[in-house]
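Visitor: If you want the building blocks of each chain, they are given just below.
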Amino acid sequence: MNDIRKTKARLIEEHEKLQIEIAEHKRAENALRESQSHLQGILLASVDPIITIDERGTIATVNPATTQIFGFEAIELVGQNVKLIMPEPFHSEHDGYLDQYLKTGEKHIIGIGREVIGRRKDGTVFPLHLAVSEMRIEDRRFFCGIIRDISDLKRVELELRQKTEQLEAANAELQDFAYVVSHDLKAPLRGINMLADWIATDNADALSAEGQENLVLLKKRTRRMDLLIDGILKYSRIGRQALKLEQIDSHTLVRETIDALAAPQNISILIVDSLPLVEYDVVHLLQVFQNLIGNAVQHLGKPSGEVLVSCCDVGNFWEFSVRDNGIGIEEKYLKQIFKIFETLSKPGESQSTGIGLALVKKIVEQHGGTVRVKSVPEEGSEFIFTIRKQERPT
Amino acid sequence: MTNKLPILLVENDPVDIMSVQRSLEENNVLNDLSVVGNGEEGLAFLRKENPYSAAFRPGLILLDLQMPRMNGLEFLKIVKSDDQLKRIPVVVLTTSQEESDRFESFDLGVAGYIIKPVDFHKFVDVVRVIRLYWTLSEQSPN
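Chains as they are written, first to last, in this note's numbering: chain A, 1 to 394; chain B, 1001 to 1142.
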């Protein structure tokens, strides 16, 4: 009796153990199937061809994207040597690459990636990026290649290269043009000025007062033309010559600019804040401040006044301001004053060439900043420009 | 200039030639001024070739860079590689503000590089400075 009960108990125990084992197996099977489905899903969904080959180069697996990109059906690929989808010289060299790697272990593409050419079923070729990795399944070694069609990328690269070449050629031509123009224009100008001078000197007795005055006016005009030519040349250089960036103490620079300007007693020029360290081309920065402060002084239009230079921090930029309390500029003119040759003074009234503000705008923009003007007639004008802060920490 | 050697002006623009002549007068420079219009004529002058067989070797050459036929830099290159001629001081008088012209001129060993001013009085100042310098400097050996 006892034996039967013992056996029964043992059987029930064994049965329960088996049930647990079976349940575990089922769980493991499910997990495996899910994992496989997941991985399979990745291969199916991938837009890029993913191909695995064995040590001899025979294709083991491909994914749908491979057919999509290369045109071969899966059955046309699996079992074939992968050089099927390679044009020369890769076609003949691939066996050699594999051999070399198997012998020496030197990685030339594995883990590195390379741009090569692929061949479609219809014989056409296209540029692609190939990433190769190595994997082991038990004691067998496989290589896995992930392919990205880069035809579009290559086309855009070529267009960019061509456009850049065109631009560089046009730029070089413009540089020569600007130089030749300014030189050829200056020569007769010099002649005119010299001759006017000599006519006045040699014939001082014979010339009437009016005649002498006319010659003086003539020389002033030639001087103006000289400044215009220099201005045009300077303007055309901005953007064509590489920027020489350096750390500049803008406070010292502005201080020196103000001193050099030697403004008349009735106009005071003050630096209101402590001006920061900036990264700029020093010649350009000088030009900007000379023009803005010089303009403020020249076009004050009142018997006395002041010009204030200040700066504030606006996050990624420094915002500099040159403000005066002169006669200001009418709203309708605010847009055009930054245009080249636009000046609001009458001819002969000032040495203004109309290039100063256009130059400032071009310089500021070339350095990645902006410039704008605010003005109230009779109360004054404010010119505000920005300088980008350096990216690296000081 | 301390010496009485002639000055050779290599320049083709008539008004610029007058500027030099008048500036020299303003500065009481009494040396003879010889003028040639381009590099080729300049070389003929220096080598005393026809029609310059009676030419004197100049003590100073004032050289414009922009000229027809042979321009200033080509002339300069030849003169500075000629053992007989290379010691004559050359001052470039030009409109060119191009850095490359300036570099090349000094590379070839010019004694000065001056931008022609538009204003005559500045031109006179320029010539005065040249005269002052040569008054102080020792003469170049022959």
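It should be emphasised that the hints constitute simulated quantities derived from the structure, not laboratory data. Take the hints with a grain of salt, since some may be wrong.
In silico contact screen, one side only, chain A against chain B (beta carbon under 7 Å); selected entries [unchecked claim]:
(1) R190
(2) D197
(3) A200
Computed footprint of chain A on chain B; a stretch qualifies when at least three of its residues, placed anywhere within it, have a C-beta under 8 Å from a C-beta of chain A [as the list claims (entries may be wrong)]:
(4) 1017-1023
(5) 1028-1039
(6) 1092-1100
Derived lysine to any residue pairs resembling SDA-like cross-links, with alpha carbons at most 20 Å apart [what the hints assert, rightly or not]:
(7) B:K1122 - A:Q287
(8) A:K234 - A:T201
(9) A:K220 - B:V1015
(10) B:K1004 - B:E1098
(11) B:K1122 - A:R223
(12) A:K244 - B:M1018
(13) B:K1122 - A:I384
(14) B:K1122 - A:D230
(15) A:K335 - A:H299
(16) B:K1122 - A:L189
(17) A:K17 - B:I1115
(18) A:K339 - A:I384
(19) B:K1122 - A:E16
(20) A:K26 - B:I1114
(21) B:K1122 - A:D226
(22) A:K219 - B:R1022
(23) A:K234 - B:P1089
(24) A:K186 - B:P1089
(25) A:K186 - B:N1071
(26) B:K1122 - A:L218
(27) B:K1122 - A:I137
(28) A:K83 - B:D1101
(29) B:K1122 - A:V216
(30) A:K244 - B:H1121
(31) B:K1122 - A:K335
(32) B:K1122 - A:I199
(33) A:K244 - B:E1098
(34) B:K1122 - A:K339
(35) A:K234 - B:Q1097
(36) A:K219 - B:M1018
(37) A:K220 - B:D1119
A virtual CB, placed ideally from N, CA and C, is assigned to each residue, including glycine.
Visitor: Tell me the hint numbers this structure goes against, listed in increasing order.
Guide: Violated: hints 3, 5, 7, 8, 10, 12, 13, 17, 19, 20, 23, 24, 27, 28, 30, 31 and 34.
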